[in-house]
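Colleague: One letter stands for each residue in the lines below.
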Amino acid sequence: MKFKTSDGRKDIEPQREGLVFIHEGLIAQMGDEIWLEIDGRKHKATAAKVGDTWWVHVLGHTLQYEIVEAGAAGADDDSGLTAPMPGKILDVLVSVGQSVKAGDALMVMEAMKMEHKIVAGHDGIVDAIHYNSGDQVIQGAELLSIHE
Amino acid sequence: MKFKTSDGRKDIEPQREGLVFIHEGLIAQMGDEIWLEIDGRKHKATAAKVGDTWWVHVLGHTLQYEIVEAGAAGADDDSGLTAPMPGKILDVLVSVGQSVKAGDALMVMEAMKMEHKIVAGHDGIVDAIHYNSGDQVIQGAELLSIHE
Amino acid sequence: MLKRTLVANRGEIACRILRACREAGIEGVAIHAANDSGSLFTEIADIAIPLEGEGLAETYLNQEQILKIAIDNGCDSIHPGFGFLSERADFAQSVMDSGLIWIGPSPEAITKMGDKMTARITMKAAGVPVIPGEEVEGGLEEVLAIAPSVGYPLLLKATAGGGGKGMRAVYEEENLESEAKAAMREALNAFGDDRVYVERLLTGSRHIEIQVLADKYGRTIHLGERECSVQRRHQKVFEESPSVAIDAELRNAMGEAACDAARAVDYEGAGTVEFLVTPTGEFFFLEMNTRIQVEHPVTEMVTGVDLVREQLRIAGGEAMSCGPLNIRGHAIEVRLYAEDPANNFLPAIGQLKRFIPPTGPGVRLDTGVREGDAVTPDYDPMLAKLIVWAPSRIEALQRMGRALDEFVVLGCTTNIRFLRELCDHPDVVDGWTTTDMIDRLWPDGWKPDLPTIIADAGLLIASAAESTNHGKKIASKSGTSEPLSPFSTLSRRYP
Amino acid sequence: MLKRTLVANRGEIACRILRACREAGIEGVAIHAANDSGSLFTEIADIAIPLEGEGLAETYLNQEQILKIAIDNGCDSIHPGFGFLSERADFAQSVMDSGLIWIGPSPEAITKMGDKMTARITMKAAGVPVIPGEEVEGGLEEVLAIAPSVGYPLLLKATAGGGGKGMRAVYEEENLESEAKAAMREALNAFGDDRVYVERLLTGSRHIEIQVLADKYGRTIHLGERECSVQRRHQKVFEESPSVAIDAELRNAMGEAACDAARAVDYEGAGTVEFLVTPTGEFFFLEMNTRIQVEHPVTEMVTGVDLVREQLRIAGGEAMSCGPLNIRGHAIEVRLYAEDPANNFLPAIGQLKRFIPPTGPGVRLDTGVREGDAVTPDYDPMLAKLIVWAPSRIEALQRMGRALDEFVVLGCTTNIRFLRELCDHPDVVDGWTTTDMIDRLWPDGWKPDLPTIIADAGLLIASAAESTNHGKKIASKSGTSEPLSPFSTLSRRYP
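So the sequences go chain by chain: A, B, C and D.
Per my numbering, the very first residue in the first sequence carries number 1; after that it's consecutive.
Per my numbering, the very first residue in the second sequence carries number 149; after that it's consecutive.
Per my numbering, the very first residue in the third sequence carries number 297; after that it's consecutive.
Per my numbering, the very first residue in the fourth sequence carries number 792; after that it's consecutive.
If we strip away everything but chain A, and leave its shape as in the complex, we get:
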């Protein structure tokens, strides 16, 4: 699996036995909780996924790993398009039932004093539009969805 971190790209293919992952003497035991074993000592870790990035808290450090190439579980097949940050919808460029092509601009939103386009990730038909222009949206809000 490939990740991007603040100091470059990292590759890792840990050895897996069920929910136990091993890499160069480090052992991660996955479950509702995550336990990391270093030199025979276990430490609790916490992980959460935001977008394509895994946030990990371990031993007082908080780290981020952005997925470049996904693992066995595969990427989300979520057809929804979500707000990358909180902001305001400026314009809705499509309507429900309309066919769109990958790369088509669907919405324009303002955030961080800049305009951002929300573009289709694949070809499809617009299923639903959840906001109108002028609406405030929170980060992660599903803006509209496309059916393939």
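None of these hints come from the bench; they were simulated from the model.
Hints may contain errors.
[Claimed, not checked] Simulated restraints, written as ranges between beta carbons of each label pair:
1) D/GLY844 - C/GLY741: 47 to 57 Å
2) A/LEU90 - D/GLY930: 38 to 48 Å
3) D/GLU964 - C/GLY321: 51 to 61 Å
4) A/VAL20 - C/LYS743: 42 to 52 Å
5) D/GLU843 - A/GLU110: 13 to 23 Å
6) D/ASP1230 - B/GLY173: 40 to 50 Å
[Claimed, not checked] Below are the DSS-like pairs computed for lysine-lysine, each with C-alpha atoms no more than 30 Å apart in a straight line:
7) C/LYS299 - A/LYS44
8) D/LYS1238 - B/LYS192
9) D/LYS794 - A/LYS2
10) B/LYS152 - C/LYS299
11) A/LYS44 - C/LYS364
12) C/LYS299 - B/LYS236
13) B/LYS192 - D/LYS794
14) B/LYS192 - A/LYS88
15) A/LYS44 - B/LYS236
16) A/LYS88 - A/LYS101
17) B/LYS249 - B/LYS265
18) C/LYS743 - B/LYS158
Predicted model, so just to flag it, every value in this text is computed and none were measured.
Think of the CB as a built atom: it goes at the ideal place given N, C-alpha and C, for glycine as much as any other residue.
For chain A, the structure is supplied; the task is to place chains B, C and D on it using the hints.
Modeller: Chains B, C and D only, in chain A's frame:
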């Protein structure tokens, strides 16, 4: 919708407008958070479902409502059978691939110094068995699953 | 100084001790039964070692196994917490015989205080007031001779007995002879031994305890009192310091007596001396608990002394670090139990689907659990202790009320609402707390005072939650595939 | 006594004040912009009223709208918190003109302290030491005449100026004339005004503030000092009380001067007097903040005074409740910012997917957010304040280290790790905290000290989490259809 509470059965059919539910002057605004409005004042509430029971925290009170007749969202179609409380598996009475009928005993577990049978809720075929006799299980652990 | 300490306990007190170890730069080693794997205290420990076996006897009470783990893992000391092995003199002795440091008083001190009669004799010799009374060897004549010196009302108790058999309360001298005869007859019938014990009957007394601390350098101090009168099923639920019944003079006198009690057994470390205090301000030694107590945080909050850190310091051979007694403000502790107060306080189990403790000024939570944990019938139902401090008692009660209102626990029945109502009860507000209070106030059992509008609101919320599948989308909602990272380090302007 | 108070603020300080209102039995009214709907402080309030409009000017700074809401909702008082309208004398005046109580000092006191020159003149008249210096009206001759009385090293500053133009440091008398000419020339060129100001140059000084409290009954007291020298981008990040640089004698002298400063403007309520303290123990008035401060909790922890509750009490016409000054132990506050300390402390945004604060003894969290909240660029990036108290400074640092290690925040970059490293830095441990410390220690910017094994461990966990779809099943897992209720009230036995 019908519920069972500590002081008997309760019926409620609130008026619904989108995510807003109204009943005798009380207004519940649903979302990631729940806000209850009484006499024009809003109060944060917290709710969580455990089994068929909704636990609700509102204004310092913690209340339980067991569903007798489900609402629009319907019951879980979860085919898994879960441990009603923490305990130890004493016996597994079926094997994967076996046909079972509703009411058949599938497992025996010990908890609270008593033995409990886990029975099939419907006819079907045993898909998977997740624990063996002697295993400790936590409350809510999926013990085995049945495919219809 | 200690380097690596094994904590022979679990739950919130293990968390408390392991955090103190971490702060003191001592490595903390947890031990845990299989059903405690992943519990909060194992997470706080530097090292967590699984115990083999099932049930308490094979795990947390298994002296040999625990001692072996301590030795095998290079520990130099063992902290027993409270309960479990904390007052087992034989364990303390084994620990010391293995060359490890026992974080607590000597086995001799534990033994002397552990036996009621030895403790009474030792205290009497040390000049600590004990409940007036005498064992009678010579029959009725001696009872009649001793009674005046004990005083009225008095209690006649079978020396061999228990369970109320052979027990008689005597309020006036004129009834003494007939009651004594009856008691001795009952005692003979029940136990084959007619010896009786004459003790002053102390009615309307309060149960007050004094915290003491003693180091290896001859310093023995007290840290004021705790009042722990509110109990249900003989377990404390509400504890506070200072007590409304104690003034500075009585505190000094009781504190000195408690220090005398500790010195009489060459006490070392933290301990608690329990007294019965009469309405007239007389006080009598009851017993000494030779360990840290559940309710120690209220003393910490009002005195500013970190008791567990001092235990570690004293055991490591350092002098205690605290200065002169400085009691400030008021602290209250309530015990959060997994139990159903509306059903005779029977223990409850479940999963902590939501566990959202209150925060803010003056609020301390000593918890052994966190959200998602299962509450099982395997251990004591105490989940956490909520402690508040405020400048005055009334402000502390107000703060506790606010904190309890904010505390959300869903998925397992708890006594939160009961504790909340307690804070507003006139008897508690006025300080009329007695050990029989809960039975007295709610003779038919406590039921929540639930306004109809709240019950209706709950029902509305439950049906709305069911209709909207509330809470089901939390996990998937933020598992979106839109990358956020390109924006996360952008600068921003403020208006 | 107050009955219903509008809190004209947001975030953690609104939570702090609203909780104090609840504890005091005062109804708390929150106001909130549309993008604060559902924020934690609106949940703690008894009543939450939405503000119309967008942006700060139309919402939290909108005097008319806020005052109208207060009147329409039957409020008898307004608490401004800090920032926003807290030091706006005109708003204080409008509030009072409307017949409401302003929880703060009089508009006159705010005005006098708000203008630097008026404050300086008022303080000088009250006998409070100000930085030696004089405004020069008569040109070069007068500069040369005044300089000896100001003392060396001294600073020449353009009266009309700013931004370093016309500013000259003079270390010895022999350079005075040439430097003064240069300064006046620069000032004339830059501002068309050659007047200069001569002030003592105070090198190596510490920034120390004194908390004061004054009621309507003529009582004005101080509550000791706070040291807030560790700053990044001119914002404080690490604050403590007491200061290592202040002994009891200096504390008394500064405390008395602070009380004199407050009395000079008939001060009422809580306020803070800032001083510059030289290495030789001289101290000089800098300014007075006429409101509650962000860092007030450290004073609360060491003095045992609930400052916000006292504000409410004083505004309601009661006497303050606190007794004589009783400073005990040591308190430290760190500010949790949504920012990237490895990237010049630039603000960060995101969603708080996990927000798990530390708990246990001596740890207080004043937070404006909770898990699930979005951190937006709309407001100040301060999310929460983590405060610890311990008997000594070193124990407080150890406790803060422990607490920061336990603090989990995922989904938004914060300065937690930076604060954690700060606690272990020798300069902080030794108390050599100065305002330029962060630039001095990390001239090329701070980078986390990340051991390779931790980086590898994080990578392993990220890949394992991705492979197992970690966290995805939490919501559905417990949504099982097996009823638990039949078992939840069963009794249980203990071994």
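Colleague: Compare the structure with each hint and give your call.
Modeller: For each hint, the structure was consulted:
A C-beta distance of roughly 54 Å is found between D/GLY844 and C/GLY741, which places it inside the suggested range of 47 to 57 Å. For the pair A/LEU90 and D/GLY930, the supplied restraint of 38 to 48 Å is violated, since their beta-carbon distance comes to about 59 Å. Roughly 53 Å separates the CB atoms of D/GLU964 and C/GLY321, a value that falls within the hinted 51 to 61 Å. A hinted range of 42 to 52 Å for the beta carbons of A/VAL20 and C/LYS743 is consistent with their spacing of about 50 Å.
A beta carbon spacing of about 20 Å between D/GLU843 and A/GLU110 agrees with the range 13 to 23 Å that was offered as a hint. Separated by about 60 Å at the C-beta atoms, D/ASP1230 and B/GLY173 break the suggested range of 40 to 50 Å. Taken as a hint, the C/LYS299 and A/LYS44 pair is honoured in the structure, with Cα atoms around 22 Å apart against an allowance of 30 Å. Simply put, D/LYS1238 and B/LYS192 have alpha-carbon atoms about 40 Å apart, too far for the 30 Å limit, and the pair is violated.
At roughly 60 Å between alpha-carbon atoms, D/LYS794 and A/LYS2 are farther apart than 30 Å, so this suggested pair is violated. Under the criterion of a C-alpha separation no larger than 30 Å, the hint pairing B/LYS152 with C/LYS299 is inconsistent with the structure, at around 56 Å. Simply put, A/LYS44 and C/LYS364 have alpha-carbon atoms about 25 Å apart, close enough for the 30 Å limit, and the pair holds. Among the hinted pairs, C/LYS299 with B/LYS236 is inconsistent with the structure: their alpha-carbon atoms are about 38 Å apart, more than 30 Å.
A threshold of 30 Å between alpha carbons decides the hint, and for B/LYS192 with D/LYS794 the separation of about 22 Å falls inside it, so the pair holds. Between B/LYS192 and A/LYS88 the alpha-carbon distance is near 26 Å, which keeps this suggested pair within the 30 Å criterion. Distance hint between A/LYS44 and B/LYS236 is fulfilled; the C-alpha atoms sit about 26 Å from each other, no more than 30 Å. In summary, the hint linking A/LYS88 to A/LYS101 is supported, as the alpha carbons are separated by about 24 Å, within the 30 Å threshold.
Restraint check for B/LYS249 and B/LYS265: satisfied, since their Cα atoms lie roughly 15 Å apart, inside the 30 Å limit. Annotation: proposed proximity of C/LYS743 to B/LYS158 holds, straight-line Cα distance about 19 Å (limit 30 Å).
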